[in-house]
Amino acid sequence: DTGVSQDPRHKITKRGQNVTFRCDPISEHNRLYWYRQTLGQGPEFLTYFQNEAQLEKSRLLSDRFSAERPKGSFSTLEIQRTEQGDSAMYLCASSSWASSYNSPLHFGNGTRLTVT
Amino acid sequence: ELKVEQNPLFLSMQEGKNYTIYCNYSTTSDRLYWYRQDPGKSLESLFVLLSNGAVKQEGRLMASLDTKARLSTLHITAAVHDLSATYFCAVVRPQGGSEKLVFGKGMKLTVNP
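Those protein sequence lines, which keep their order, are chains C and Z.
Residue 5 is where the first sequence starts when you use the working numbering, and the numbers rise one by one after that.
Residue 546 is where the second sequence starts when you use the working numbering, and the numbers rise one by one after that.
Treat the hints with care, since some could be wrong.
What the hints assert, rightly or not - Okay, the calculated bits of chain C under chain Z, using three or more residues with CB under 8 Å as the criterion:
id, region
1, 17-23
2, 49-60
3, 106-120
What the hints assert, rightly or not - Calculated cross-link-like contacts (lysine to any residue; reagent style SDA-like; alpha-carbon spacing at most 20 Å):
id, chain 1, residue 1, chain 2, residue 2
4, Z, Lys548, Z, Glu644
5, Z, Lys653, C, Asn113
6, Z, Lys650, C, Asp90
Everything labelled a hint here was simulated from the structure, so no lab data went into it.
Positions of the beta carbon are idealized from the N, C-alpha and C atoms, including for glycine.
Work out the full structure: start from the sequences and follow the hints.
Written out as structure tokens, the structure is:
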């Protein structure tokens, strides 16, 4: 169990640019989640996958946001035409469907996005 | 819409003291989680509470769940500086098949020597 890995740790971009983040879940976990956390707030749900299927999306996930998990392993989160309001910590988490009811989500260290 | 409220949001306490923090949620749910977050770090799972009356303890922390009151408590016993962190509770949204966790704003705890 090497934990949930996210890359990059930090990203600074100019407004209007596109950015992509990667998440590698714990290897035996088939559920993968994306959350966004701003300063002083709790994480907000963005989306989650079971294997390669995206099963739930938040209304927070505007048309500029897209997430994929093409082979049911790693996932990418892309933000197009970034805005200053997108500045936040983007957290990835994973869990196993088989034990998800009584097991917590395991979170990665996050990608901190700053849009200038 | 499910809302999760934590009380208090900030707490400064001295080492050796006891305190209880609260987490209220607005609609029925069957799972409640407590997480800890250190500055600049990710979230670390503390407890998963699944049923009414559930009580779990780990070290100086004890969590309980009252599903009828839609309330969870996190009790701190004889606080030590290492407990300084932000504590979040989170509840699963009660819609069939949803795995969306709704988090509270977090309680920032500072334990002073």
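Hints that the structure is at odds with (numbers, increasing): Going through the list in order, the structure violates hint 1 alone and respects the others.
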